[in-house]
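*Asks:* So you can see what is in the structure, the chains are spelled out below.
Number of protein chains: 2
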Amino acid sequence: MLAQVTSEELILQSARQELARTGILGLRVASVAEGAHCSITNIYRYFGDRDGLLARVLGDMYEEFTAAAVATFMARLNDRKNLTVRDIARALPFPTTESEMKIQAFRMQILATSTENQRLCDRLKKISTMRATVWQESFAELDSKMAPGERYDRRVFRVMLANFAPYYNSLLGDMQVTAEEFYEFMEDKLRLK
Amino acid sequence: MLAQVTSEELILQSARQELARTGILGLRVASVAEGAHCSITNIYRYFGDRDGLLARVLGDMYEEFTAAAVATFMARLNDRKNLTVRDIARALPFPTTESEMKIQAFRMQILATSTENQRLCDRLKKISTMRATVWQESFAELDSKMAPGERYDRRVFRVMLANFAPYYNSLLGDMQVTAEEFYEFMEDKLRLK
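Heads up: the protein sequence lines correspond to chains A and B, in order.
So the first sequence is numbered by my numbering: it starts at 1 and just counts up by one.
So the second sequence is numbered by my numbering: it starts at 1001 and just counts up by one.
Looking at chain A on its own, in the form it has when it is part of the complex (with noise of 0.2 Å):
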């Protein structure tokens, strides 16, 4: 038996793909309902209007990405025991090839929609107090599970990398902060003595 996919599926799947196609600025509803083989005024009775359904498939991307971001980093840990300082430094994702730093652009232009979409805001409001609870029990976690004298700075998450924007770092050029720079950094500042 086949899974029933509804129409609000169909709409949400057609957005992506215009997305990929578009760009968030170049979304238009009437491409979406195409291919959804819906009619606009569908999508409306779903979503009110275009920033709605905006605001609910960017939120969706977002709230994917940032749940990705823990569970990769977490995965990394997983199977360890007696973690170091040095074995958390090295888990953290650090973008550098092409498709990392596609979706380090686009969480700016999802950031920078969010500005000017209410509804969009609020739904990343709701996702990053969520995913800060989520990395706090995440960290519970690694506290049980760290080698004997091997302390870190939860801080540092919480301060420095929940604010980090790599995509300034790809202006850079040259200049720019290299990967090993960034894991000898982070293990430095992580590190409690």
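To be clear, the hints were calculated from the coordinates, so they are not data collected in a lab.
Hints may contain errors.
No farther apart than 27 Å at their CA atoms in a straight line, the calculated lysine-lysine pairs in the DSS-like style are these [claimed, not checked]:
| # | chain 1 | residue 1 | chain 2 | residue 2 |
| --- | --- | --- | --- | --- |
| 1 | B | K1102 | A | K102 |
| 2 | B | K1102 | B | K1081 |
| 3 | A | K125 | B | K1102 |
Dock chain B against chain A, hints included.
*Replies:* This is chain B only, laid out in the frame that chain A set:
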């Protein structure tokens, strides 16, 4: 004798007024022309197209924001001698007021625009490289003024603060990093022992 204002300058002034009124997405070249008392053709002659106009105006503003950041930081330390690491930490910008957060949101919009406007991206790259050099010169000046035994870690600026996006923090509501937490953390991480 009054200074001669070129039509290019009038267009740039009008574009800034329009940006303040409508935001980046809403900017219409026709309105900029109206405000500058010139023709749309005239704007295209100077800037090529709407993206070219945005690349110039947003680039100029980004240059001003980043210049102001280093100038404000240095001005806070300028007439002091025997600088401590604490002085340096406390001179860092940490936006909290509504008007400061508005500038942060606008910076985010400029960065997002640069992901789809190659000329703006090229301009931001030039500005970022130039600004990194100005920061290095400022550090040389600070180094000559440090109190005996007080040493700070330049990498904190290069790796962390250069990639710092306080807009994220504004999404955290009650959970956000406070100014006091930020300054204590920065003092701790800046200090070289």
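*Asks:* Does each hint fit the structure? Answer for all of them.
*Replies:* Hints versus structure:
1. K1102/B - K102/A: It holds: about 25 Å lies between the C-alpha atoms, which stays within 27 Å.
2. K1102/B - K1081/B: 34 Å, violated
3. K125/A - K1102/B: The hint holds at about 17 Å.
Of the numbered hints given earlier, the model fails hint 2 alone.
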